[in-house]
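Note that the protein sequences, when read in sequence, are chains A and B.
Just so you know, we're using my numbering here: the first sequence kicks off at 7 and counts up by one.
Just so you know, we're using my numbering here: the second sequence kicks off at 7 and counts up by one.
No wet-lab data here; the hints were simulated from the structure.
Each residue gets a CB set at the ideal place from its N, CA and C atoms; glycine is no exception.
Just to be clear, a hint being listed does not mean it is correct.
List of simulated lysine-lysine pairs, DSBU-like, C-alpha gap at most 35 angstroms [unchecked claim]: (1) K137/B - K221/A; (2) K137/B - K190/B; (3) K137/B - K255/A; (4) K221/A - K229/B; (5) K255/B - K424/A; (6) K229/A - K276/A.
Listed next, with one range per pair, are the computed distances between beta-carbon atoms [stated by the list, open to error]: (7) E64/B - A348/A: 46 to 56 angstroms; (8) I430/B - E33/A: 31 to 41 angstroms; (9) H176/B - H454/A: 27 to 37 angstroms; (10) N110/B - Q234/A: 39 to 49 angstroms.
If you only want the chain A side, here are some residues facing chain B, beta carbon under 7 angstroms, derived [what the hints assert, rightly or not]: (11) T42; (12) P43; (13) K255.
Protein chains: 2
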Amino acid sequence: MTSLFGADLAVINVGLSEFAAPIAAAEAQVLDIAWTPPAGDETVARALARLVNRPDVEAANATAFARYLAAQPTLVGVAAAADAIAGLPDRTILHAGPPIEWRNMCAPVQGAIIGACIFEGWADGPEAAQKILDAGEISFSPCHHYGAVGPMAGIISPSMPVWIIEDAAHGTRTYSNLNEGLGKVLRFGANTPDVIDRLRWMQQVLGPALTATLKTLGPLELKPLMAQALHMGDEVHNRNAAASALLLKRLIPAALDANLDAAVLSDVVKFINSNDHFFLNLSMPACKAMMDAAHGVAGPSLVTAMARNGVEFGIRVSGLGPRWFTVPAPIVHGLFFPGYSAEDANPDLGDSTITETAGIGAFAMAASPAIVQFVGGSASDAIANTRQMSHITIGRNNSFTLPQLDFGATPAGIDIRKVIDTGIEPVINTGIAHCEAGIGQIGAGITHAPMACFAQAVLALAESLDE
Amino acid sequence: MTSLFGADLAVINVGLSEFAAPIAAAEAQVLDIAWTPPAGDETVARALARLVNRPDVEAANATAFARYLAAQPTLVGVAAAADAIAGLPDRTILHAGPPIEWRNMCAPVQGAIIGACIFEGWADGPEAAQKILDAGEISFSPCHHYGAVGPMAGIISPSMPVWIIEDAAHGTRTYSNLNEGLGKVLRFGANTPDVIDRLRWMQQVLGPALTATLKTLGPLELKPLMAQALHMGDEVHNRNAAASALLLKRLIPAALDANLDAAVLSDVVKFINSNDHFFLNLSMPACKAMMDAAHGVAGPSLVTAMARNGVEFGIRVSGLGPRWFTVPAPIVHGLFFPGYSAEDANPDLGDSTITETAGIGAFAMAASPAIVQFVGGSASDAIANTRQMSHITIGRNNSFTLPQLDFGATPAGIDIRKVIDTGIEPVINTGIAHCEAGIGQIGAGITHAPMACFAQAVLALAESLDE
């Protein structure tokens, strides 16, 4: 004690920095540590305390994470949504993100739905479509409720061709629509005749050509292709240049052997060839298949979906069934294309955050230094993002190694407890949609899944385990 | 002085570490700096001293380097070597590396030349070919003497189709043969009927199909494609996976529009699609075009070629005309395929070191962490190799940025003076050929251009400038 009081004062101040200031003013040594209590809210903190150091939660997480790792998403075909997706009701349109009613949807999603009604022949133009939609004649459901995912508005209507992915390890299936390319497209809310014409071509030409090609090719495992793309600078969410090229290389020999009409072959190959994002709509249902494998295990704190409908951001947790935990979707402050700013941006939109949920996208950003030219930051930021995510994840996915980390595996399996405990929100790479229907992408950037979703989920999980 | 002698002894020892040992033994502080005089040879050191701080050499280097940077290698066509390469004499075969006589060539090169004689119809089998070759009926020249480059044996005979690259900035042309794929191939000395049949197919089907495709496509600038590949994990020497995919994506729309026979289209697309090294034979003449632009300027100390014929390693220097500075080619100690070791390896072989000469390949290895799985080392070694090369180069090439260095440009333009001054040999990524003809590639690794070539060149340059 004598030596303590005899020595110079050296203080470590944890938390409120106001306490450090007078010590520093008195010229004593003080190290100020930024710290806030986990959760920042007493109720959530108490719920979190009930969820940590619980062997049942750890065991459930281990089971769910092992199922995620074991999933083997395999492309098996292309068919009309109505034929492919079991139980899809008539006159139903699937959309991105958590559930939302027609009148509450954002403009790009409403625009895309109007386009889908015209495409399906339920209305002969935007006004007629608006009428049947306002009259409640069309039903809606999140894509996620039918094993599907879609980028941006994420609209899937019954006649649209969808990719069919089968998890060879667990036998379940997931789906996504086909990527339309950039520019004026349905997923950003455009519904003009050229957009509808392209959708009809995709339905009548591209879809059947892919069906025939995939019959010739046979089942195509997607994880090895995604792993290869991660070694070629993609993070397989907003950068799919390598993955799309690799997919084309897989499809081409089969397409050449599939006895397609020469003009069809030419059009289809050129369409795929011209779109560096074509693989996104395969990356997403592959990730959905991995997370569906982990969903529905009793008790775990593993996040199995993050998705946005342009109004709300929602997450689902393996141990909490079909429930969504939602908060208002944030505006992304990213890099905007010339002439646009955050004022033009729609709140965060699309199911594509299923990629981050599965440990790729921004979680694997270390593999993709070139993406910082698109979403902002430096190559070292990209590595830092990946490293930081290891603090909120259950493990690593050895199927997805990152050359820049000397082939260390990507962090995967977001644990709602760790998010609340560390205060680290899951990082997301995302495109930014214009808030008006049909203008399209106006930028891209890095955003985060809002903490409040995870707080709700921690409360719900604690409650469900206390029952 | 008093304070100096009063203070504790603190010594920095430069060079011979024997001087440091007794000081350390006397418990005085000593920092031992590893250093040897530049060149290691008094004659070379004196020659180097005459070459440094010379405005004429600096100005000549600036001119040569600017011409290298300005080069715009553009793929303009495919034609038979005899038609494409101006002045190529009859019954002449081009080979990799510096000049060498038939009887001194290594087995893989001799095997490839025997194959070329059969392919050309100059002999009806290996024995007949051997006879005309021993009788001196066939002439030889380095590819480099005709603006050409070829990987491994680098054999180009008159009927073989070659890529034609035009430097749009300076109007000169360079050439390379077409890549045959992996396995049993001419460039590793194989000359069995299947190898000759493939060469005939390349001559009769692939070549004309590419000629037609390129006519439809029009001129294709290669530097942007290579730059894109550097952002996708290639170093565009031993890893060309992205570049080959990007090339396929450029060629396909034109191939589909070129009115090719359906079976030809199918065979040609599948052939290109199946070979991740297909782009190597474009990367090389593109680099040759850049270095030829810098060659022949009076006075500079810039290296414009590094090449190996499997017996000798040689370099050429811009200011020293057609002369080669050669030493015995080293054995590469790399990663060997199962069942092979350095004992099976042919000494270093091929013109592909033109890529390192132009600042890509191992010089751009930071861009290609995934290549360490092929050539050995870690991702940080790859970055260190690139950084180290900046000590022996004249500048950086802003056409080739490296994401892992936060888009810093690749070091380029090897200066023979800096190599001698620093003792740093240029780093090279390379495939390793079996020392017997026709077995093929048995490994890959990292090697270095031998210092002694650069010492010879420094002596010659000093002599030429003193005249």
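Each hint, compared with the structure:
The hinted pair formed by K137/B and K221/A fails the criterion: a straight-line CA distance of about 54 angstroms is larger than 35 angstroms. Straight-line distance between C-alpha atoms of K137/B and K190/B comes to about 24 angstroms, which keeps the hinted pair within the 35 angstroms bound. A C-alpha spacing of about 45 angstroms is found between K137/B and K255/A, which places the hinted pair above 35 angstroms, so the restraint is violated. Straight-line distance between C-alpha atoms of K221/A and K229/B comes to about 38 angstroms, which puts the hinted pair past the 35 angstroms bound.
In summary, the hint linking K255/B to K424/A is not supported, as the alpha carbons are separated by about 44 angstroms, beyond the 35 angstroms threshold. Restraint check for K229/A and K276/A: the C-alpha separation of about 25 angstroms stays at or below 35 angstroms, so the hint holds. For the hinted restraint 46 to 56 angstroms between E64/B and A348/A, the CB-CB distance of approximately 50 angstroms keeps it satisfied. Separation of I430/B from E33/A is about 50 angstroms and departs from the stated range, judged on CB atoms against 31 to 41 angstroms.
The hinted range of 27 to 37 angstroms is not satisfied by H176/B and H454/A, whose Cβ atoms lie roughly 51 angstroms apart. Restraint check, N110/B to Q234/A: a C-beta distance of roughly 43 angstroms satisfies the suggested window 39 to 49 angstroms. Look at T42/A: its Cβ only gets to about 32 angstroms from chain B, farther than 7 angstroms, so that hint breaks. Taking 7 angstroms as the C-beta contact cut-off toward chain B, the hint placing P43/A at the interface is violated, the least distance being around 37 angstroms.
This hint holds: K255/A has a C-beta 5 angstroms from the nearest C-beta of chain B, less than the 7 angstroms allowed.
The structure fails to meet hints 1, 3, 4, 5, 8, 9, 11, 12 from the earlier list, while all remaining hints are met.
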